[in-house]
Amino acid sequence: MKLQKRTFGSLLLIALLLLLAACGGGTKDGGTATGKESTGGADKVDEATDQKITIFQSKVEISDQLEALAKEYTAETGVEVEVWGTTGDDYFQQLQIRLNSNQGPSIFSLQHVLEAEKLKSYVHDLSSEEYVSYIAPGMELKLEDKIVGVPYGVEGFGLVYNKDLVKPEDVADYASFVKTMEKFNAEGINGLGLAKDAYFLIGHISNYPFSIQPDHYAFIDKLTSGEVTMADTKEFQEFGDFMETIKNNTPSPLDVTYDKEIGDFAAGKSAMIHQGNWAFGMLSEFDFDFEVGMLPFPLLGNDKMAVGVGNNWAINGMKDEAEVQAANDFLNWMSTSEIGHRYIVEEFGFVPALTNVDAGELDPLSQDVLDASNKGQTIPWAQNYYPANIVPNDFTPVAQEFFLSKDMTGKEFIDKLDDAWKNAVK
Amino acid sequence: MKKGNRGWYILFTAPLLVIFTTVVIIPFLIGIYYSFFEWDGIAANPKVFVGLDNFIRLFDDARFLKSAWITTVFTILAVISVNIVGLTAALLVTSKLRVANVARTLVFMPYLIGGLILGYIWQFIFLDVFTLIGDITGLDGIFFNWLMDMDYALYAMVFVFTWQMAGYVMIIYIAGIQGVPNDVIEAAKIDGATGWQRFRKITFPLLMPAFTISLFLTLSSAFKIYDVNLSLTGGGPANATEMFAMNIYNEIFGYGNYGFGQAKAIIFFFVVAAITLTQVYVTKKREVEM
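Protein chains in written order, with this note's numbering: chain A, 1 to 426; chain B, 1 to 290.
Honestly, the hints are just simulated from the structure, not real lab data.
Even for Gly, the Cβ is constructed at its ideal location relative to N, Cα and C.
Any given hint might turn out to be false.
To be verified - Only part of the chain A face toward chain B is listed, based on derived beta-carbon distances under 8 Å:
1) 93
2) 254
3) 388
4) 389
5) 397
6) 404
7) 407
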């Protein structure tokens, strides 16, 4: 009995200590963080080298590289740069929470004008800055004639394929696509790999039926007002057929992470994956002995690559003057210095959207994107004009249901996407 | 109360009252205020007063009603399984089992792990270990990735929640069992009552106060579950495990409907309060005095 009491007692003590430790840690962190916020202003005026800026951005693929760049910047200028991490999917929510509680970053990323519109009281006007003049024509993020964002780079996505297994004519239209997928299925190879994360599952691939419309802005407006439905539009009908073919001939993407998607492709287990040129960063970490390239997704015989600006750097104008200036200096340095250029092209693997940056030796995927872009063989990114958050909130559950239910047809899938759209704009 | 004690009394109560007021009462009142507005949560954007519209709209929100149903099913299953496992474990570790002390520690341990980490651990087990066992043994009717099945994902949640909570209610039951007077048990033994009779007629009724507490704790935490939900299934697949709390979070931060989400949260509060108070009232009545 005594022994039992003692064990129970010590167990309780441990639990209490753990609790205390957890609480103690929390308050301490909070304390120093707010301390810095409040005294930061005073320090900055006294000593410029004490300046600190924070960066919060949504592109997981470049987190490590960005941190390395931040270190180089600190070494060169003495300005401390802190990079905050995120998992990507709920980036905008996290950003909103931080901004609302006055703990926002100095530099953040915006995907498109809808997000800029939402945060219009925060975005800083960059129009008069020198580095903004290097942005490639038409690629800047504009809000009411003011430039509020500098593009990360242009990006493109499509069918990333293994040149040993797939020839471009194998996926030139729906009929050849079906034949190719069935052939790979019979051979036990994954014909087209997707991954379970919102954008890799449905976000990007859902672009095509919108982007190949003659005017996708007008189409999206009509869809929102209920004048048209996806189910009645031929682009979407064939898109449904494509999705059905993919489902019937490939393993379920819902068990596949982004890492596994790329890994399987590098190992030759997948002949194609639906990805963008950003995937080459991870792909190059694997050993693979075949050539890769990117092809357009052949919806209704489409032969153009989906190219756009995925992300823009923006500055938090609500910060004090010194911090805004420091953030500006950082963006300027990144856009004009040699080190900055090297990172944009080599480390981030971006196809530069700045005219002063030499694209240099691009990786094969980016080269395909740049070629398509130079030839004008591109379709836009309609996803930039989707209702906010529709991909994770509404499209993803539908796509999950589609891939889980064996007997759900492509047509039913499109009907559910229609419902999802209505729900997102209600 | 002695006069000298009053100072101590205030010293220890006041900080708690201040904290409780600032982190619970005030936000709750602000939440009620927001629930009458349509607002997208960005400080600089306008708040539009809509009266009770948000509360009326709730009943047209199919996804919210579905999540209410899922939460109810989950809570019923979870309360039953947590209490059965917890009580069984308590009975085992208070018997003269040689490994009783070790067992007690081991069963309690999961409760010390945070719900988020726990969810990620089990996500790995379901995804990698389960599928592996299924592949090797051929029992892929049981061992497959439960999290990617629209029905089984909910059972997976119940399973993990039980694993987490059972140790905690076990401690409460142990205290209850140890509170049963030895002389009564001994008297029953002398009268020739079997082990089962002693449990059924003496221990069980005297455990009623422990039931009140355990049921209250499991009921309220099952209803409010968020962390395990987020890390284990994320509400998926296809929203099949989106519980109340997650639905509210998604409404507020996913769709940016602060007012509407707050209205949901207020309703949620009253539902949880009503259910748990009823339960406490009912079980309290059944408690027996020695």
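Under 8 Å is the threshold here; is the Cβ of residue 388/A close enough to any Cβ of chain B for the hint to stand? holds (7 Å)
Just to be careful: measuring from the Cβ of residue 254/A to every Cβ in chain B, is the smallest value less than 8 Å? Given a least distance of 5 Å, the restraint on residue 254/A holds.
Status of the hint placing residue 397/A at chain B (closest C-beta pair under 8 Å): holds (5 Å)
Any CB of chain B closer than 8 Å to the CB of residue 93/A? holds (4 Å)
Interface restraint verdict for residue 404/A against chain B (beta-carbon cut-off 8 Å): holds (6 Å)
Verify the interface restraint on residue 407/A: the C-beta must sit less than 8 Å from at least one C-beta of chain B. Interface hint status for residue 407/A: violated (14 Å vs cutoff 8 Å).
Minimum beta-carbon distance criterion (8 Å), residue 389/A to chain B: holds (6 Å)
Of the numbered hints given earlier, the model fails hint 7 alone.
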